[in-house]
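All letters in the sequence shown, in the order written, are residues -18 to 452 by our numbering.
It cannot be assumed that every hint is accurate.
[As the list claims (entries may be wrong)] As a list, the in silico DSSO-like pairs of lysine-lysine whose alpha-carbon atoms are at most 30 Å apart:
id, residue 1, residue 2
1, K92, K156
2, K187, K28
3, K225, K282
4, K82, K7
5, K7, K28
6, K313, K376
7, K177, K128
8, K187, K90
9, K210, K92
10, K7, K92
11, K229, K343
12, K(-8), K82
13, K391, K376
14, K90, K158
15, K225, K376
16, K376, K158
17, K158, K128
18, K313, K197
19, K398, K313
20, K187, K92
21, K343, K82
22, K8, K229
23, K343, K438
24, K187, K210
Please keep in mind that the hints were generated in silico from the structure rather than gathered at the bench.
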Amino acid sequence: MSQEKSSSSSKVTGMLTLDELREQVKKDEINQVVASFPDTYGRLLGKRFDADFFLESCVEDGTHCCNYLLSCDMDMDALPDYMNKSKEKLYSDFHLVPDMKSLRLVSWKEKTANVMCDIYDHHALEPFAPRAILRRQIDVASSLSYKIFAASELEYYTYENSYRDARANNYQQSKLKTVGDYRADYHLLQTAREEKYTSLFRQHLKASGIPVENSKGEFGPNQHELNIKYSEIFTMADRHVIYKQCLKEIADQLDIAVTFMAKPFTDISGSGCHLHISVTNSTDGSNAFVGDENISGTDMKCSSLFKHFLAGWMKYTPDMMVFYAPTINSYKRYMTASFAPTYITWGYDNRTTSFRVVGQDKSLRIECRLPGADCNIYLAFAAALASGLQGIKDKLPLPSMYTGNAYEAKDLPQIPKTLRDAVQLFENSTFARQAFGDNVVNHYAEFYRNEQMVYDKFVTDWERSRYFEQI
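Start from the sequences and build out the full structure, keeping to the hints where you can.
Okay, here's the thing in structure tokens:
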């Protein structure tokens, strides 16, 4: 995953320049532009513009959105802390500035383009905005003369029920129709039954500026992994959120459902979002992980920078866990023998460890298997980058490589068990406050604490099943 192999300098199919947008609008090939931005969950919010109006007004002047959108929960209810702000700040505007480098076709929607936006407040990037948080860590890497390349491997489940039908049945597992009834891991017959959906996903992603590598069945029935090509880390984050939006909107058109929940049901595998990261030297594009030092227990070579980066990423995993596992449901994925890690370990090509070192020479990289498919990718990448760069700055020593089954590593640090535990670690972390600032840490701690509070008050089906009659 080195710069020499990157295609970022060549034109990617589906990406648009401003001149190309103007030409396609003139020919009535595009008549609407979606201006979008990620919220704190990583969902895309925004506005749909008449394409002529977008060119006349928004390219230069941007647009606006209400500032509560970075301070609300899944149901769009404002957080208590937001409501306690001074009255003149309540429900005022953020300024959305289109990032024209992100302009792309939306091939699954007729005559539509999309542009990602940066959020400004009083002429400065809004510090709580996920894109701004990642940008700041990229700036730190740039100041050290490093460029970061990354990939995210998303897993998801597909069901032959519409989202509306699934909701009407309270998302009950017994009411959801699967295409296959057995594990689909690399299974070509099983996945062929879903090609009528998956092939559309691949085709529309590629036509919308997101180069596709492959898709495959995963460990759960009707679970898939669709891999897109690595790129510079910020571009990858944008591709990731467009990918999720693409699959969900196509699913909605087809009256099926795609879910990126980390653990949809108790008895099936969870869905992860494995992060692959490599660090390159800005001067010559060489992989900074490559060197002459031994990777103990293997015949592979690496640089001291590689060891420091991995050591930092590992050390600060507990502090950063809310950015890898941001929901109540996230933590139900971390089960023994589940292909989701439970201990903070690293190994070479070992899928039971949290950190799996893969590749060699120019392709040497680190895969982090901790994040779930529910993560906000901008925050997950920012956490990984901040942790690894701190490891480089402090020249942290790399713990010993784990060999064998890491689920049996009882003497090594465990990941937090619940969102409540993770929020406490994050809020009390000196490192998190140093990396992101007190305001950002306080904002997201309150956001995740609210998520926990909403859950704590809710009476579940499990409670009724267990206690209604017999207690």
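Legend entry - Hints the structure fails to honour: 1, 3, 6, 7, 11, 15, 16, 17 and 23
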